[in-house]
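Novice: Sequence lines, in order, name chains A and B. Under this note's numbering, the residues of the first sequence are numbered 1243 to 1585, in order. Under this note's numbering, the residues of the second sequence are numbered 4 to 405, in order.
Since the hints were made in silico from the structure, they are not lab data. There could be a bad hint or two in this list.
[As the list claims (entries may be wrong)] If the Cβ cut is set under 8 Å, some of the chain B residues that face chain A in the computed set are: (1) Leu170; (2) Gln215; (3) Lys216; (4) Asn219; (5) Leu235; (6) Gly242; (7) Ala247; (8) Gly248; (9) Pro338.
All residues carry an ideal CB built from backbone N, CA and C; glycine is no exception.
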Amino acid sequence: MARNSVIRNTSRGVSSRPEHVGQNAKVRNGYVVGVDIGGSNLRVGLADMRGNVLGKWSASTKKNSSPAAIIKQICEGVNYLLHRNSLRHDSLLAIAAGAPGLTNADAGVVIATSYLKGWRHVPLRNLLESALKVPASIENDVRVAAIGESWRGAASGVRDFAFLAIGTGIAAGIFVNGQIVHGKHWAAGEVGYMLVPGTPEAAAKPGMPGSLESVIGGEGIKSQWTTALNGNRDSLPQNLNATEIFGYAKAGSPLAKSVLDRSARILAYAVYNISLVLNCSLFVLGGGVGASASLLEATRRVLRSYNEPVRPKLTLSALGQDAQLIGTIRLALETAESRSLHK
Amino acid sequence: MKKEPILIGRPPLLRHTNAQVLLKLLRQSGPCSKADLVRASGLSAPTVTNVVAHLASAGLVELIGEGDSTGGRPPDILRFRAERGCVIGAEITSDSVHFLLADLNGQELGRASVDLSLAPPTPPNVCSLIATEVRGLLREHVQAEGQLLGLVVGIPAIVNVNEGSVLSFTALQDWRAVPLGRMLRDKLKCPVIVENDTNLAAQGEYYCGAAQKQENFVFITIGEGVGAGIFLNGQIYRGSQWSAGEIGYLRVPNISREKPAIDAYGRLEKVLGAAGILKSWRSGSKGNRTLPHVNCAAEVLDLAAAGNARAKQILKQRAVILADVVLDMALILNPSVILLGGEVGNHPRLLQEVTSLLEGSEVPVVRIKLGALGSSAVLWGAIYTCLEPAILSLIQPSKLAS
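From just these sequences and the hints, can you work out the full model?
Specialist: What follows is the structure, encoded as structure tokens:
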């Protein structure tokens, strides 16, 4: 129930019903756009009010892409998608974007990100609203991926879960009681810095990868591989990424398997610790490194071997690379509904 | 993003909601007139009159004579009757049960403690002890009219709060799947809530301690065991299987690997908890007559504060582990503050040591403070969580939800 609400017994109660019906009719006929802003890619998706995706558009971004340049690309994508679906611009009802960094969803500001140079306190929501003339929302990219998985993915119907994105960095999108957790300073789920046994214990320097991601983030696994190769007369190539290394592990390379097992051991610690704190029933693994079936299996094995009271359940992302985009579409739908009611 | 529910204005619900509003005003502002209530609530004068009559018939409000006239008839002054009922908080530990009795304003009326070592602390025995003590407290401190409206029991265990059942209790044997809520309700004929003790302590700090107005915070208790109470979005968060914050099993660097059974202490709490500290102290002091004798873990920390080298080393080891725990929790939850409590956790020297360790950390340093309620945090949490429902139970319209 709404806080501090005093109900008054007046006849005015729900008198605005006719307008609501009108609004809803418009809402049903409109369209929304979701945008996934990444460090190297920008993806735009157009959907109807049931969330059916009608089209996708993508472009590449650069580390030094300015907010204005990104907004321009987004507009280009939106116009392209509307045009291709023969839709007028005024049928667009809302837009939502996921940004790769610390994001204040209430204020609509990207506070900081290490993926796009110079992005500090960018009022992304306002920029989107003034460029596209529709209500906008923004959210951290890992949280929108969690929203996507909760809506139409591996966590559908699960009230308490964590979406663990393991790519270059590591972060968690956390749902409790069916609500996303932001934390006091929008930094909940920044688990890349977590300390678990087997990670470097010295504090990481600001701007450098955190303890956990320095071992099992994409670069961390690469450097595990380089270290493992050193002094080992293996005929395997020096320069492999995580997916390739895990592939060699599956194919039977003992060296690759040692890297996989170590990564699984460390990931298991992190998952286990988060599950003790949150007692969440499910972990969804996603991201370039996290979405690996070999890593999932190896981590499950480690967790089983703990033989402890808390048994976290692990599964792979069901939406894969689309998790963010689907999450932003969900957010755009909510934005369209809530803003049209408050007009 | 959140949808506001549509409030449907059926008369019983209306009156109930309005009664809640007026009670809150009366409790906050103290005695005042109807006109004051009309002004402060925004309700109409006839509505206020109507609701006040309803509250008076429930015994929650009374007229206490006339106030000063500002011209015209002097206003009737109303007051909230906190003596209309009372609530009791109880805290079960491994060796005793503590009680706190309060009126409907949350004013302390009395305290008591019973020793659990006199009879085997089986669930039926503990229930009998609690019932006897509760009746004694009521006889001693409460007038005939003051009805016991609620008992909240805190216990260092994983608790299914909906069912009032204790799933597993580390410190006492034979405490698995105990329907403690039902057992106590049968004996005392009053509403009973059973809750994890650390979750209650966190709520105590939220309502009347060091975490007031904090919507996202963590209360870490370190005493016999180690646990955390987690507040998220303004509510205590209990987890999918009631075990959120059971951090006694956390795997952080510097902890050895042993496999605990479900009803044993986790390895982290074995080291960090009071028993672990005492064990470290005593293992080092065997045959060493020069080391002072200590009775409890807090005394070891006192010795560290006083400069004893061995105690300082023990403290330092614990601080390193606790700093890792604090850091991991801060990363996962990003709370506005982390409070430390419990016999060990509440020691200023430990706080000082952990704070200085975290200052070198790469993460935005989380604020760490001591809890404000000390050893009474659980009891105050118990009282405050049941005050509101206790008062409302007196004016609950029947079949409100139907």
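Novice: Does each hint hold? Answer for all of them.
Specialist: Hint check:
1. Leu170: Where the cut-off is 8 Å and the nearest Cβ of chain A is about 10 Å from Leu170 (chain B), the hint is violated.
2. Gln215: 15 Å, violated
3. Lys216: 12 Å, violated
4. Asn219: 5 Å, holds
5. Leu235: 6 Å, holds
6. Gly242: 3 Å, holds
7. Ala247: 4 Å, holds
8. Gly248: This interface hint holds because 7 Å falls under the 8 Å limit.
9. Pro338: 6 Å, holds
Of the numbered hints listed earlier, those contradicted by the structure are 1, 2 and 3.
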